[in-house]
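*Asks:* Sequence:
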Amino acid sequence: MNRYLDKAAPWFEIKSDKEAAGKTIYAALRAIDSLKVLFAPFIPFSSEKLHTYLGYTEPLFGEQYVDTVVDNLGEHRVLRYRTGSASGRWEPSRLAGGEVLQQPGPLFKKLEPSVAAEERSRMG
Numbered sequence: 492m493n494r495y496l497d498k499a500a501p502w503f504e505i506k507s508d509k510e511a512a513g514k515t516i517y518a519a520l521r522a523i524d525s526l527k528v529l530f531a532p533f534i535p536f537s538s539e540k541l542h543t544y545l546g547y548t549e550p551l552f553g554e555q556y557v558d559t560v561v562d563n564l565g566e567h568r569v570l571r572y573r574t575g576s577a578s579g580r581w582e583p584s585r586l587a588g589g590e591v592l593q594q595p596g597p598l599f600k601k602l603e604p605s606v607a608a609e610e611r612s613r614m615g
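If you're matching positions, the sequence shown starts at 492 in this note's numbering and goes up one per residue.
Wrong hints could be hidden among the right ones.
[As the list claims (entries may be wrong)] Okay, the calculated beta carbon distance ranges per label pair: (1) Val561 / Glu510: 56 to 62 Å; (2) Ala608 / Arg580: 37 to 43 Å; (3) Asn493 / Gln593: 20 to 26 Å; (4) Lys514 / Arg611: 40 to 46 Å; (5) Gly565 / Met492: 39 to 45 Å; (6) Ala511 / His567: 48 to 54 Å.
Hints were generated in silico from the structure; no laboratory data involved. Note that CB positions come from ideal geometry on N, CA and C, so glycine has one too.
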């Protein structure tokens, strides 16, 4: 997708052909929409944020909550979902053209080097 965007250059294309620039941006948004599902198991909260930025109203995999589980290894905090209202599926993007997107914001918080160093020392 990066190569496609670099080649199509919609930031320049919009000056001469708005429709072509719109198609280029739409293709990029569809790719991002599909990738958010792929990355959801690894970055669930960021994927959910992105899901709402793209205009979806139902949660990606349902309502997220953190639960405490105790097993023979000890006590763990785990992410769980109430799936009743889930809209995400393991399938290509269903993002419709012409939809209004939500105002985006940062998906990730920048970590100061001191925080990263503290986490590394805590992990050994």
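*Asks:* Decide, hint by hint, whether the structure agrees.
*Replies:* Okay, the hints, checked on the actual structure:
1. Val561 / Glu510: 56 to 62 Å: Given about 58 Å between the Cβ atoms, the range holds.
2. Ala608 / Arg580: 37 to 43 Å: Since the Cβ atoms of alanine 608 and arginine 580 sit about 40 Å apart, the hinted range of 37 to 43 Å holds.
3. Asn493 / Gln593: 20 to 26 Å: Holds - the Cβ-Cβ distance for asparagine 493 and glutamine 593, about 24 Å, lies within 20 to 26 Å.
4. Lys514 / Arg611: 40 to 46 Å: holds, 45 Å
5. Gly565 / Met492: 39 to 45 Å: holds, 42 Å
6. Ala511 / His567: 48 to 54 Å: holds, 51 Å
Violated hints: none; the structure is consistent with every hint.
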